[in-house]
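Residue numbers (the working numbering), protein chains in the order written: chain A, 1 to 219; chain B, 1001 to 1405.
In case anyone wonders, no lab produced these hints; they're calculated from the structure. Backbone N, C-alpha and C define an ideal beta-carbon position, used for all residues, glycine too. Be aware that a few hints might be false.
What the hints assert, rightly or not - Chain A is faced by these chain B residues, among others (derived, beta-carbon under 7 Å):
(1) F1030
(2) E1318
(3) G1354
(4) H1361
Said to hold, decoys possible - For each label pair, taking beta carbons as the anchor points, the in silico distance ranges come out as:
(5) A:E204 with B:H1108: 23 to 33 Å
(6) A:L110 with B:P1302: 50 to 60 Å
(7) B:P1016 with A:G181: 32 to 42 Å
Said to hold, decoys possible - In silico DSSO-like cross-links for lysine-lysine, where the CA-CA straight-line distance does not exceed 30 Å:
(8) B:K1389 with A:K168
(9) A:K213 with B:K1121
(10) B:K1119 with A:K213
(11) A:K168 with B:K1390
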Amino acid sequence: MDTDNKQAGDIVSRTGTQSWFYSDAVKDHFFNPRNFMQDESSYADAAMGLVGSPACGDAMKVWIKVDPETERIIDCKWKTFGCGSAIASTSMMSVMVTENGGMTLDEARLLKPQHIMERLGGLPARKIHCSVLGDKALRAAINDWYRRAGRLDKVEEEHGRIVDPETKVTDKDIEHAVLDGADTLEKVQAKLKVGIGNPSCIPEVEQLIRFYKEKYFGV
Amino acid sequence: MRQVYLDHAATTPIHPEVLERMQPFFSEKFANPSSFHTPGLEAKKAVDEARKSIASSLNAHADEMVFCSGGTESDNLAIFGVIRAQQHAVRGTQYEIPHVITSSVEHHAVLEPLQYLAKTKAIDLTVLPVDKFGKIAVSDLEEALRPETVLVSVMYANNEIGTIQPIADIGRALLKWRKTNATQLPYFHSDACQAAGALDLDVEKLHVDLLTLNGSKIYGPKGIGLLFVRRGMKLAPQIRGGGQERGLRSGTENVPGIIGLAAALELAQAGKDKENARLIRLRDDLINGLLTIGKTRLNGHPTERLPNNVNVSFMDIEGEAAVLYLDAKGIYCSTGSACASSSLDPSHVILATGVSYEAAHGSLRFTLGHSTRPSDIGYVLKTIPDIVKKLRQMSPVNLDMRHFA
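Construct the entire structure; sequences and hints are all you get.
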């Protein structure tokens, strides 16, 4: 991956070349993960969200318990199949949504991978894509909670149309990735993991990249 | 903390005797072998002796040795050298572009140049599949041969899963083809970087025309490689200049590197039978121990594999996470997971053996070496089960063993 995909908070080596090491916060959350699901028995009725698949390298499952009065997240548990940064990101996310009395569901919906990354002290540029599934799993769990509560008006399907059913990446996600400077399939995949486990959607992804590049950059 | 280095396929430490023999050539014997003065001639003599020594390990001639910067350059010289020398001969015939055959499990140093040449329409490329152990079938290769096939490149032993290819059988099949068709083509190249420390390198038995070796996998120095080029072969140089290495690879000789490569190869070949027997015992202890962990699969061939290679997949966990947990326990190994590479795809080698993406993501490679003791294997086997257990507890995945079949 090119180092020009760097974002604020990324770790870079002293020479500015491609980085390949984790911050202390990442290591701490990786070796001492917080809130991971050890016993599912009392969570059978909890709201749950699942994204990714082991074929594409990352899969995440998130359970939340919510105070129905305040709509604050009082408990968040997770399971992650993935590398060091994927595990650390999910762990940090579970801390962020439950700390200080817990986020409201509306606040939690605004949580972005960048926020998690900043709290982790950055991630190596090539590992950013590993952290994008956690907040998606969280939003899926939030929808599930509203669905279970019968509040169908509050269910927010991921904006846009799903292009890759495996990663639940939508055309909107691809639009944002292109706006962020990902102008090739490789760069979009580095951000979104789209089509890794399900290559059949790649032609459509490539078409969308061309479309959005033309729309925004005229090339 | 105890430290157990099990990544010898990535690189080996330099053997003290090799280092000792290289040392003078950095300082008092620093001269350029191309110089006509006494120190220059001394350097040339040392290089010539190294050339002879390596040639004798290969049962080849000293003038068939071409030194270069490493395994990657050697592979590139073999590939571009043959294709550039042959493409004019093919152009204008009914075939237009030369044809090359390789395997799906080659090192990137072979696959990348070939795929580049295929993409730019300089060659037509056939990539042979492998069986579930990572081995190619000689019959597949025979079927793929064409009148315009100029090169066959198949590695001697695989760097990831350790599977040993039937190089001598392939060599014989090619000899037969050439005889039947009254041609000198295709040439046969084999990358033997991983094999050089453990297997027989007799080019007359292997029937190879080009053989790649390097220093850094056999307790020699980094930055030195060798391409054996059989007499009478046409090869186009890729680096031009002062005409060193019979014009095939210009540039002042890396004298300490050459001395080091020769010394390392001598030591490796002389000690290989004893060391192989020792490593095979340790390797099999490690494999058998790891396979007692549930939902674990051995990647590669159970017996036709390098004496130092162990590659397993742990279902439901991801390799990079396991490597990091092992690293924290002082165990240094590697993974074929996508997360540990710059691409997002897991190991092409493990995928080529027909296992699922899921299993490829959970692969771990342990490669043993001189320093490995039985107690190290014991420490690894004691440490890994808890790590696998912890990562599985954290994982939402619980795959069916069918993914591993």
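The hints, checked one at a time:
1. F1030: With Cβ-Cβ at 30 Å, over 7 Å, it is violated.
2. E1318: holds, 5 Å
3. G1354: Violated: closest Cβ of chain A sits about 14 Å from B:G1354, beyond 7 Å.
4. H1361: Result: holds, 5 Å to nearest chain A Cβ.
5. A:E204 with B:H1108: 23 to 33 Å: holds, 29 Å
6. A:L110 with B:P1302: 50 to 60 Å: Once the Cβ atoms are compared, 53 Å apart, the range 50 to 60 Å for B:P1302 and A:L110 holds.
7. B:P1016 with A:G181: 32 to 42 Å: violated, 50 Å
8. B:K1389 with A:K168: holds, 29 Å
9. A:K213 with B:K1121: holds, 29 Å
10. B:K1119 with A:K213: Roughly 25 Å separates the two Cα atoms, so the pair holds.
11. A:K168 with B:K1390: Given pair A:K168, B:K1390 holds - Cα atoms ~28 Å apart, limit 30 Å.
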